[in-house]
Amino acid sequence: MEERLNESPLIRDDETFLRMNLAERLQHILMIVTFTTLVITGLPLLFYEMKIFKSMFAFEKAFYIRGILHRAAAVILVVNIVWHALYTIFTKRGRVNFKEIIPKFKDARDAWEIFWHNVGLTQFLYKKGVFKKFFDRHPYWLFKKEPEFGRYNFIEKFEYLAVAWGSFIMIISGFFMWNVELSLRLFPLWVHDIFVIVHGYEAMLAFLAIIIWHMYNVHLNPEVFPMSKIWLNGKITGHELRTLHPLEYRKILEERRKAAERAYRIKSP
Amino acid sequence: MNATSFVRWFAFLLGLGVCAASFGSTASNDDCLSCHGDKDLKSAQGKSLFLDQEKFKASVHGQAEIGCTDCHADLQKIKDFPHAEKLRPVDCAVCHDKEAARVKMSVHMQPHRAENPIVVTCADCHGTHDIRKKDDAESSVFSINIPDTCDRCHLERVKIKNGNEFIQQYTQSVHYRALEKSGLSLSANCVTCHGGHDVKAAGDPQSRVSRRSIIHTCGRCHVGIEKNYLEGVHGKDYIKSVKDVPVCTDCHSEHGILSPLDLSSRVYATKVAAVCSRCHDDERLARQYGFLTSRLKTYSNSYHGTASKFGETRVANCASCHGFHDIRISSDPKSPINAVNLSKTCGKCHPGAGTNFAKGKVHVVSTKVENKGAYAAKVFYIIVIAALISVFLIFIAADLFHRIRTQWKND
Chain A
0 MEERLNESPL
10 IRDDETFLRM
20 NLAERLQHIL
30 MIVTFTTLVI
40 TGLPLLFYEM
50 KIFKSMFAFE
60 KAFYIRGILH
70 RAAAVILVVN
80 IVWHALYTIF
90 TKRGRVNFKE
100 IIPKFKDARD
110 AWEIFWHNVG
120 LTQFLYKKGV
130 FKKFFDRHPY
140 WLFKKEPEFG
150 RYNFIEKFEY
160 LAVAWGSFIM
170 IISGFFMWNV
180 ELSLRLFPLW
190 VHDIFVIVHG
200 YEAMLAFLAI
210 IIWHMYNVHL
220 NPEVFPMSKI
230 WLNGKITGHE
240 LRTLHPLEYR
250 KILEERRKAA
260 ERAYRIKSP
Chain B
0 MNATSFVRWF
10 AFLLGLGVCA
20 ASFGSTASND
30 DCLSCHGDKD
40 LKSAQGKSLF
50 LDQEKFKASV
60 HGQAEIGCTD
70 CHADLQKIKD
80 FPHAEKLRPV
90 DCAVCHDKEA
100 ARVKMSVHMQ
110 PHRAENPIVV
120 TCADCHGTHD
130 IRKKDDAESS
140 VFSINIPDTC
150 DRCHLERVKI
160 KNGNEFIQQY
170 TQSVHYRALE
180 KSGLSLSANC
190 VTCHGGHDVK
200 AAGDPQSRVS
210 RRSIIHTCGR
220 CHVGIEKNYL
230 EGVHGKDYIK
240 SVKDVPVCTD
250 CHSEHGILSP
260 LDLSSRVYAT
270 KVAAVCSRCH
280 DDERLARQYG
290 FLTSRLKTYS
300 NSYHGTASKF
310 GETRVANCAS
320 CHGFHDIRIS
330 SDPKSPINAV
340 NLSKTCGKCH
350 PGAGTNFAKG
360 KVHVVSTKVE
370 NKGAYAAKVF
380 YIIVIAALIS
390 VFLIFIAADL
400 FHRIRTQWKN
410 D
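Quick note, the sequences are listed as chains A and B, same order. Mapping to numbering that gives the first Met the number 0: the first sequence position 199 is 198, numbers consecutive. Mapping to numbering that gives the first Met the number 0: the second sequence position 233 is 232, numbers consecutive.
By construction, these hints were calculated from the structure, which means they are not laboratory data. Quantities reported herein were computed from a predicted structural model and do not represent experimental measurements. No residue lacks a Cβ here, since even glycine has one placed at the ideal position from N, Cα and C. Do not rely on the hints blindly, as some may be mistaken.
Said to hold, decoys possible - Calculated cross-link-like contacts (lysine-lysine; reagent style DSS-like; alpha-carbon spacing at most 27 angstroms):
id : chain 1 : residue 1 : chain 2 : residue 2
1  : B       : K377      : A       : K50
2  : A       : K50       : B       : K158
3  : A       : K50       : B       : K296
Stated by the list, open to error - Some chain A residues judged to face chain B by a derived CB distance under 10 angstroms, without partners named:
id : residue
4  : L44
5  : A61
6  : R65
7  : N117
8  : G149
9  : L219
In isolation and in its complexed conformation, chain A is listed as follows (with noise of 0.2 angstroms):
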């Protein structure tokens, strides 16, 4: 019943394709950079209680680095970030993965249809015969289907969506922090001090989303463990194009049928 696509002539298993190109790499990279250097230097502020963050702060003049080193990073990632953004408006191919990575309708539906499936819980009542008349009439609920993404799945979507939100809180926040005097001559104190908490507590939310979302997807998770080589060298093979991003690879396959169909038209007249 599964509709599985299977490795089609046109696209070998073993051809590469681009995912990430350099600058997108880079890109990746000072995220990298930035994001871990701002946490180290920042969360330890919202724990400092405890002895492990307070040894690390034992040397002289320690917490001065630590806010120059912070706010080093800081101005990297708002570069890093206009870059990224130029690069999104001034390339073609920035533009086109700008309008696939919009999350969409379906996205909502994929992780729904995604999550049921692999809980197969329908799927198993069906077989023990429960509600068996309501299934065959609808089988949708049964999520016997994977649903199938684009170029970028739900998952990527969102955490695209959860970097541009939450470096625009941080952005803004932490330059107010940056700048006490400047942000205290426009706001009022207690304003100044929900720039301080909103600062902490979406650095945590940064930091876990990172560490238990990402970290699941592009290492742990048995697909990819390891790590996802992605981010390293920018290719993605056929084989993966089939099972990860199976619509994006039908667009590739519907492209190369047609352009095979025009060569075979302009052999055979």
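Given chain A's structure and the hints, the job is docking chain B onto it.
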């Protein structure tokens, strides 16, 4: 002849008689030195009985030409030499009666510990034949030499409740450093604070270092600070004899007083909060005296407090905003945290601090009550974080569950 003049005459005649008697019969210093000038003269126990004539001549008594028998008074009557080995102890009170009276009331003459009481005599501090004036740099009681003189007993022989390291802390203190390293003879030594002849146990309410007196004891040198302190909220309660009020030593420690710039000082920038919160985080004291608690917690939660915990000294600590010796309540118009002074106080570190600094609370105990916006942000984030992390974990669990199941089926 009335009674008074009779007494006078009697005294005069008696004096004449004593003079005449001593003129004829008392041994002169030279008589004494004919034996005691011998370096090898020893008692039966082998103790040297030699008297260094030069030292005696340089001493205050030598210079005043006081004779041996003026002090060793029981030798005045003795004619047969060598005299008996055992003499009565010298009684300084004959001349130094005022000092002797004060010593008599001191802890040195009235050791309060029953077992093994140590009685201190004049000679223990001042020496014997080589006594010099206290402003003579060679004197054992010259200010710079005092710590060594006291330490002769107080390092080991005399045990105190706080342990003898407590006394030794003095050698780390800024007072001792001034005395020893800089030779500043005016710096505080043992006697400056504890008193000399009338030294009392620290626990004695009459002691100069008792909680009641310490303010004035320190204030003898630190005059301006005493004045400031007495104007502040602590000083005002001190005047009212409130027993829990902090005195100098509560914040600065006793023997080991250090400069506030010294990393080990109790009032070093990053440590002030710990000192203040000993009382200002104490629920019992807060109830009794009606002040707010959670000062340390709320400070620690702020950027100032967090940075301070990590050793950053430039951020504000308690004293930066509240002042120190003359801390005042916020309603006092002279208080640096009075609303009208806030922009000036905050402006010390945040140039151009305007009135916005006053629009909000600094020690926020509960954002729910004191900063609704911050409270809303907190609640929002806690919900979002909890929800998202749960969703993440549920999705991951479902994914793993599916993978394990298919693997299992395929095997």
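Against the structure, the hints:
1. B:K377 / A:K50: It holds: about 25 angstroms lies between the C-alpha atoms, which stays within 27 angstroms.
2. A:K50 / B:K158: Since the Cα atoms of K50 of chain A and K158 of chain B sit roughly 37 angstroms apart, the hinted pair is violated (cutoff 27 angstroms).
3. A:K50 / B:K296: holds (17 angstroms)
4. L44: holds (5 angstroms)
5. A61: holds (7 angstroms)
6. R65: Holds, because the Cβ-Cβ distance from R65 of chain A to chain B comes to roughly 8 angstroms (cut-off 10 angstroms).
7. N117: Since the shortest Cβ distance to chain B is 4 angstroms, the answer is holds.
8. G149: Constraint on G149 of chain A not satisfied, violated at 19 angstroms.
9. L219: holds (8 angstroms)
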